[in-house]
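4 protein chains.
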Amino acid sequence: MNPVQAALGRPIRLAVVGGAAPSLIGPVHRTAARLDGRFDIVAGVLSSNAEKARREGASIGLAPERSYGAVEDMIAAEAIRADGIEAVAVMTPNDSHFRIARAAIAAGLDVICDKPLTNDPLDAEALATAAAGAGVATAVTHNYSGYPMIRQARALVEAGAVGELRLIQVEYLGAGLALRVEDMPDAARRWRLDPAKGGPSLVLADIGTHAHHLACYVSGQNFAALSAEVGTLMPGRRVHDYAQVRFTLRGGARGSMSICQGAAGVENHILVRVFGSTGHIEWRHREHNHLLRADTTGMTQIYSRGSANLEPAAKRATRIPRAGHPEGFHEAFANIYADFAEAVVARRLNQPLDPLAATIPGFREGAEGVRFVAAALRSQDEGQRWVTLG
Amino acid sequence: MNPVQAALGRPIRLAVVGGAAPSLIGPVHRTAARLDGRFDIVAGVLSSNAEKARREGASIGLAPERSYGAVEDMIAAEAIRADGIEAVAVMTPNDSHFRIARAAIAAGLDVICDKPLTNDPLDAEALATAAAGAGVATAVTHNYSGYPMIRQARALVEAGAVGELRLIQVEYLGAGLALRVEDMPDAARRWRLDPAKGGPSLVLADIGTHAHHLACYVSGQNFAALSAEVGTLMPGRRVHDYAQVRFTLRGGARGSMSICQGAAGVENHILVRVFGSTGHIEWRHREHNHLLRADTTGMTQIYSRGSANLEPAAKRATRIPRAGHPEGFHEAFANIYADFAEAVVARRLNQPLDPLAATIPGFREGAEGVRFVAAALRSQDEGQRWVTLG
Amino acid sequence: MNPVQAALGRPIRLAVVGGAAPSLIGPVHRTAARLDGRFDIVAGVLSSNAEKARREGASIGLAPERSYGAVEDMIAAEAIRADGIEAVAVMTPNDSHFRIARAAIAAGLDVICDKPLTNDPLDAEALATAAAGAGVATAVTHNYSGYPMIRQARALVEAGAVGELRLIQVEYLGAGLALRVEDMPDAARRWRLDPAKGGPSLVLADIGTHAHHLACYVSGQNFAALSAEVGTLMPGRRVHDYAQVRFTLRGGARGSMSICQGAAGVENHILVRVFGSTGHIEWRHREHNHLLRADTTGMTQIYSRGSANLEPAAKRATRIPRAGHPEGFHEAFANIYADFAEAVVARRLNQPLDPLAATIPGFREGAEGVRFVAAALRSQDEGQRWVTLG
Amino acid sequence: MNPVQAALGRPIRLAVVGGAAPSLIGPVHRTAARLDGRFDIVAGVLSSNAEKARREGASIGLAPERSYGAVEDMIAAEAIRADGIEAVAVMTPNDSHFRIARAAIAAGLDVICDKPLTNDPLDAEALATAAAGAGVATAVTHNYSGYPMIRQARALVEAGAVGELRLIQVEYLGAGLALRVEDMPDAARRWRLDPAKGGPSLVLADIGTHAHHLACYVSGQNFAALSAEVGTLMPGRRVHDYAQVRFTLRGGARGSMSICQGAAGVENHILVRVFGSTGHIEWRHREHNHLLRADTTGMTQIYSRGSANLEPAAKRATRIPRAGHPEGFHEAFANIYADFAEAVVARRLNQPLDPLAATIPGFREGAEGVRFVAAALRSQDEGQRWVTLG
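Protein chains in written order, with my numbering: chain A, 1 to 390; chain B, 1 to 390; chain C, 1 to 390; chain D, 1 to 390.
Don't read these hints as lab results, they were simulated from the structure.
Glycine residues also receive a C-beta, built at the ideal position from the N, C-alpha and C atoms.
Please note: incorrect hints may appear among the correct ones.
Unchecked claim - Simulated restraints, written as ranges between beta carbons of each label pair:
1. A:ALA130 with B:ALA82: 44 to 50 Å
2. D:MET299 with C:GLY383: 42 to 48 Å
3. D:PRO235 with A:GLY236: 21 to 27 Å
4. B:SER48 with A:PRO321: 25 to 31 Å
5. A:GLU65 with B:SER48: 17 to 23 Å
6. A:GLY108 with B:ASP194: 25 to 31 Å
7. B:ASP194 with C:MET299: 53 to 59 Å
8. A:GLN351 with B:ALA70: 29 to 35 Å
9. A:ASP73 with D:MET299: 21 to 27 Å
10. D:LEU179 with A:GLY236: 26 to 32 Å
Whenever a hint applies, use it, and build me the whole structure from the sequences.
Here it is in structure tokens:
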């Protein structure tokens, strides 16, 4: 079932660069890498300060000797280990992606890098060329294309389910810049507000590249041309927080893109709609387990992640093969385990347990459930009479 | 951030009992245990056949010598290891929970067990008493109470946000028994159809105990009395697939519960509604990141997992502290990593890559994104003119 | 198109009994009767006080001589007019339905009556028998069965779209009794709180009969047996505000019904779900223009009022044959007309116009729209350049 | 309650111009005018062919002598009647609006006209000026601004509920031109496809002016400037079916508008979103009874038409002052009346009744409901035992 375990008999040995607290995306990368048991995170560069790198490394479970202060040091040291790293995950500020990815490629390592790949298009081109030349595997975490129903959307478009492509619309609205965060930047956003680090256009780099990739991924086509309004909604702001893009795809379809990070009160809203000659499909991030398809006959079909009638590309991206078990199911399940872990630790260290961790069902609550079953059966057996639960 | 790492300097050593393929819940347990890096799964009993146990253990990454054929053997062997197991996760058919959990408790191990705790209420009572006597930590995976917004619901009810409790409604409808699975049982369901293994009432054991726990968890109260209709919708079926329960809570509120596993076309539908003297709250599994609260003044508020205005109990159960990043975000992100892993393996073993794994964005696609940013800026700078992307 | 106009060359002459302000349902009856131009409301009994009857009659446009103080007087007087009434609409408190409907039937008039038909089952039986004997046309305003998508649901069930019927669920939750209205009854509710007028069980009469009719209408079957919990959620209340009913239909399917008028914060929530051997359908009042159907293959289809793929029974109940034009479209359109009417009156009577009526688009706003069209075309023609609108 | 009845003691006398079958909008105008009893439709021009005008007039209930073949004739003839028309409703193809409205204004009549007001901006300007000069009341049926929750939206924006305006987005997508209707035009669309009648840009005239008005109405501001892409999605089509507009409002906020009539499978989708410095509001046509408001604190409030907490502008546009009674409630109620009318006619003319009209509940079904109430009470009184319904 796990093809890495099957092929190698062990997980791939991965190094992380960046992602120390208070990064938001660092934990996401590590959780994602760990989720399927395909990677072991065995080394990393979590700070350029060697002392801090070691402390942060320890907090994510790295051995002290494999927490490095520089990528170059890590590559050199790991290269001579029998159990050295095989792949590198880059989650640093945008301006350092080029240097790190280039070094990894040069060392023959596979690389997965946060988006945007670089701030400068020539740098990005150089990386793509270098990676192709070296034959290494690469990935950029345009993670929205990882949703099973986005893969279903792509497969449907490819199979002609909407006919000839006519129009694609992508919206990505967020509230990250709705307040004047310039005056109170959290560390996760501070570097983004600096064009030298975050790139020449905050909104385009941060969410525009996601919207662009979604349009390309679902349509299976690259952009041919565009006309863009890029600017700032908040008076006095010096970085871009808004863009409105008209575009055409290589195959001739038209497109529109609305992206905004100053959308007060919005929850990371992403919408993809693809219109063709015979129908359309629509996906919303908020209901990411479902995909709508409608056509000119009045048919409106809802596809559900986990149901039997999906395309292979969607099925293989699904962990729980049952419709109605949304993917947050794992996280809710993990919350029971997480609180249980705190109870285990509290017992072992003889420490008080956080009352907020003490609400998970234990064997006492489990026994209540079994009594409920017995009482319900007794009621049914005795003419559905009311039965008290002692 | 990870309290286990902080306290022990390492994850808790966990053994799994049960959950080999084709179990549906086995992978969920293991993913949940692994998700936060709080547990290492180091030993297990995946079959009573020693050979099969070793093979299945290897497929989930266990060392051969720590894959056992019997729980008793495992407990004895691990007890004398310096790095022996500290906790046991039980995910076997219901009829074996009692024996396994009792053995683990007797060995002083912490235990997390799938629901229902047992088939017989006296057994359940005995386990709860034994666990309390031994002082071990226990948990039952009534996982729906792990959803952040269910925790928010409980906290709101406790804080009086709906006034005095009047009525609680729980629905749990599934389609698992909509077809005559008796004639074509998959392995995951076969034992459930056998009352000796699955317990005296399939629908009550399988989903009724979840519904019961949700009612208790959110209200903070146990059942006082109930009247139940328990039966079978499908003609000729010998196990229960349907129940309708009226109940009262200890505090005097009334309740109703509808549970059904023969609901053709339904996607694991779960609904919880709590009505009080001044308002109500409502949660649906399908939109598990959100919770509705409405009151008699016309106010209808939607709470979102990840937003700033939640109760501490909900916040601590949240991994991505941003509204609009649903929990499936991790899985979508992990899908990028999973496909990247296949590419890494294909390269290392010089094997062809599954075309379905080859759609993730690589550095070529990353470079397209950077070109998009540059083109959009050029368009804006030059009067929003149309710019071609070479 | 209007079959009454086509057959009679004029609308049917209707009398109304009851419905004077502050009745909520009176205006609904009159609007519904008038909506399609099939009825002229030409006579009525709006009060037993002759003076008040005349005043209230005038306010709904009745000629003074056709506003009566008693049903018997109306029937006698109208019988000798060449243009006398042909049908009677009854919208009085429940306890008077029997007397009024019996008199109308005896006079050979067709009768449409608000629900419940009577408070006493023997009275209802007598009315049904009398109407059948007299051969008059009758209707009871179980209006939810008038929704096009409920008719679609009935037609789908009849056509076997969900297979053999297994389970039907109806919910009807309202907030009308969520507050202690006994202490501050509005006139529309006061008589309902008096069992002598409203009948022996408020919740059953008021909304239970609607839920019962929906179950029967959609399934095409009557109830065979039931078990009911009927009671009161609010402490100290003397009328019923809550019921939970288990039932079986004549064909053997099971059912459940949850009805409650003390559901604080709920907006008149109605849900109908019908499960069969191959799939189910679901309808919610809140989204009454749509009907969901799902089956065991993963197919989930949304039917839309106004789309081409509906059953004849649904199509003929549809006024705007275009999906996406919800039925409130008429009311929104009528709001423009209503405010325009106020402007017409203000001009004719030389009175100031209510500023709240002055926001509708006039010719000035119409001209702005035409300028918008011209500006958009100019922009496109001139390279999509920015054009100012003077 | 009806201010026209209160002020004039009778409805306003209205003439209709246009709207004969198979017009879609004709019946909507007439239903809207009639809905509140504020207008009597007493005269009309339904065709320029006198014979056809009389026949069509009869079908909507006009007296033969008040069905005219030309607007000028109607104005002249009605002017000398004591009960002559007071207002004119224009629902003809766009190119005739100017001539008809000008004649009505010149005669001192109040005028309500379908949109767009004219095809030519100078004509529109002339009409607006003439109407202002004559002091007549005018309205253009930009009917979406008649929805109560659009009025709530405008009132909220005006009251500062979203802070300073930053961005407004309007979408209007329809499927009317998704198929090649040029090859199979229904009569309602044929004139629209002719630029001489429908105006220079079909999509802008037909739905663009609605989108434009919604932006202006909700923001309370006119457009300052715009940049538009206007074109055609369907290859070979000669009329516009698509536009993408960037705009600024007078107050400085930005805006975007997406309009398309070739959106295959879409149901008349309209969306309005207004973002300000502290929050935003969102309205969708599909859920027109509700309005969402969210702000930067995590508050997400849903306003419901009919609830107590609305602005006066929304309340006065509401006919059923109870949340959860959507406006289609009237139409569903009217369907009961409509089928009852057919039964009345069938009886009077001794004709068979259409079986599709025979499904409404009659007194027999009413009696079943009363029996249900009695059975439920008996069950409760006798220990909630199962009771059979004879």
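Status of each hint after checking the structure:
no.: 1; hint: A:ALA130 with B:ALA82: 44 to 50 Å; in the structure: 47 Å, holds
no.: 2; hint: D:MET299 with C:GLY383: 42 to 48 Å; in the structure: 44 Å, holds
no.: 3; hint: D:PRO235 with A:GLY236: 21 to 27 Å; in the structure: 46 Å, violated
no.: 4; hint: B:SER48 with A:PRO321: 25 to 31 Å; in the structure: 26 Å, holds
no.: 5; hint: A:GLU65 with B:SER48: 17 to 23 Å; in the structure: 42 Å, violated
no.: 6; hint: A:GLY108 with B:ASP194: 25 to 31 Å; in the structure: 55 Å, violated
no.: 7; hint: B:ASP194 with C:MET299: 53 to 59 Å; in the structure: 31 Å, violated
no.: 8; hint: A:GLN351 with B:ALA70: 29 to 35 Å; in the structure: 34 Å, holds
no.: 9; hint: A:ASP73 with D:MET299: 21 to 27 Å; in the structure: 49 Å, violated
no.: 10; hint: D:LEU179 with A:GLY236: 26 to 32 Å; in the structure: 49 Å, violated
Hint violations for this structure: numbers 3, 5, 6, 7, 9 and 10, all remaining hints satisfied.
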